[in-house]
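J.: Protein chains in written order, with my numbering: chain A, 17 to 188; chain B, 53 to 273.
Keep in mind that the hints were calculated from the coordinates and are not lab data. Just so you know, not all the hints are guaranteed correct.
[Stated by the list, open to error] Over the 10 Å line for every Cβ pair with chain A, so calculated as not near, a few chain B residues:
{"id": "1", "residue": "L100"}
{"id": "2", "residue": "P102"}
{"id": "3", "residue": "S116"}
{"id": "4", "residue": "D153"}
{"id": "5", "residue": "G200"}
{"id": "6", "residue": "D213"}
{"id": "7", "residue": "T216"}
{"id": "8", "residue": "R255"}
[Said to hold, decoys possible] Now the in silico label distances, taken between C-beta atoms and shown as ranges:
{"id": "9", "chain 1": "B", "residue 1": "L114", "chain 2": "A", "residue 2": "L62", "range": "43 to 53 Å"}
{"id": "10", "chain 1": "A", "residue 1": "A119", "chain 2": "B", "residue 2": "A124", "range": "40 to 50 Å"}
{"id": "11", "chain 1": "B", "residue 1": "E228", "chain 2": "A", "residue 2": "A91", "range": "28 to 38 Å"}
{"id": "12", "chain 1": "B", "residue 1": "R269", "chain 2": "A", "residue 2": "R128", "range": "43 to 53 Å"}
{"id": "13", "chain 1": "A", "residue 1": "V51", "chain 2": "B", "residue 2": "V221", "range": "17 to 27 Å"}
{"id": "14", "chain 1": "B", "residue 1": "M130", "chain 2": "A", "residue 2": "R57", "range": "13 to 23 Å"}
{"id": "15", "chain 1": "B", "residue 1": "R179", "chain 2": "A", "residue 2": "R96", "range": "38 to 48 Å"}
{"id": "16", "chain 1": "A", "residue 1": "A91", "chain 2": "B", "residue 2": "E240", "range": "49 to 59 Å"}
{"id": "17", "chain 1": "A", "residue 1": "P138", "chain 2": "B", "residue 2": "L114", "range": "20 to 30 Å"}
{"id": "18", "chain 1": "A", "residue 1": "P138", "chain 2": "B", "residue 2": "G157", "range": "30 to 40 Å"}
{"id": "19", "chain 1": "B", "residue 1": "P154", "chain 2": "A", "residue 2": "L62", "range": "38 to 48 Å"}
{"id": "20", "chain 1": "B", "residue 1": "F165", "chain 2": "A", "residue 2": "H48", "range": "20 to 30 Å"}
{"id": "21", "chain 1": "B", "residue 1": "D225", "chain 2": "A", "residue 2": "H164", "range": "35 to 45 Å"}
{"id": "22", "chain 1": "B", "residue 1": "R267", "chain 2": "A", "residue 2": "V37", "range": "31 to 41 Å"}
All values reported here derive from a predicted model rather than from experimental measurement. Glycine residues also receive a C-beta, built at the ideal position from the N, C-alpha and C atoms.
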Amino acid sequence: MRSHLGNRAGLAATGLALLAVGGGALWLRERHPEVPILDPRVPMFLYAHPWLVPVAAVVCFLLALVATRWLVLAAGWGRRGARNGPGTATLGVALQGVAGIGALRVRLVGDRRLRVGVTCDPRTDLGELLARFDHQTVSRLRAAVGVHDAEVLVRVHVRRRARATLGDAARP
Amino acid sequence: MRRESSGEWDLERLWRPRSGRGTLDTTPHATRHAAPPEPDARVSRRALRPGRTPAGIIVALLISAAGWAATAELIWLMLGGRSRWGPLDRLGEDSTHTWGDPLVGVIACLLIFCGVALVAHAVLPGRPRLVPLTTRDPLLALGLTRSGLRRALAAAARSVDGVTGARVVVRADRVEVLVRAGARRSGELLPLVAAAVGDTLVRLGAEHGRQVVLRLRGGRG
């Protein structure tokens, strides 16, 4: 179970490309300091090889497509997921009796990743709350969502002040 | 668990961990089955590692903008237009810049610096936004917000008789607890606060590789 690795892969590839370009420029500066950066014979070379510009355009187009896809994914497209009612209900039953739970969220992200959010009050016994996330609860949650090998990521937050919670409405 | 003396750091063991969250069942029924894996925070730590989203968005935005601009320019050239920007319109006219130009060295050093920074940003694990907690399931990751851990530990410290206030700072490698005491002697109070904070950390499963620094302020004696 790992966090999202796409950004790290893209950043590493970009960093290595920048290192290669910078290192190449320093090497050329060291070896051929008198050679002009923009050779005046380049237009003639391009005129003699007319296929070069379309190939370069296709390469730039592919690079732009890949970078745009990366941008869209990095912005969170497809990583937010959809709320799952049965999962939330199952978790609510599993956490019944724990005082001070304010909000429960279960989202299914992609095919097999579950993101669970629990918000509670300072009066909540966090040890008891976390102990409820045992093998049985997680198995029930996976069964309710319908993904039996789902990766479950639980985020627990404690509010500053106590508010009306899920259990308070049921109490007299 | 250690406490700070008035002068230099004084390491003193104030508390020993007891059984943590979800203790092992030692009944004969349980011994017939294989023992469950030991609780471990590595799964949570790996799952909660920062995704480097802001840097990813900035770099992807720059590369995609440059890629689309270059594509448009090359298509414009293919259609017979004259280059409107970039070095292509100066080809043949300006060949005075050579590789020995000082500007080339500056730009190359900048590129290398940016490359090293990006590779380091990608490779270094970084500090997670949530505090990773121990789990037994390799497909379950638990994380508690830093403010949540702060409030839980402050509540544990305040629950000790004689403590009038507590403030907690969660750092990457340690938790600092500043306790304001009433009239009780600090020598009696400190082990009690250490036990309360330590037990809470163990119950939450957040004690791994984390030192707790206690600071006592006020009180007599």
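J.: Going through the earlier hints one by one, which of them does the structure break, listed in rising order?
T.: Those not satisfied are hints 1, 2, 3, 4, 5, 8, 9, 13, 15, 17, 18, 19, 22.
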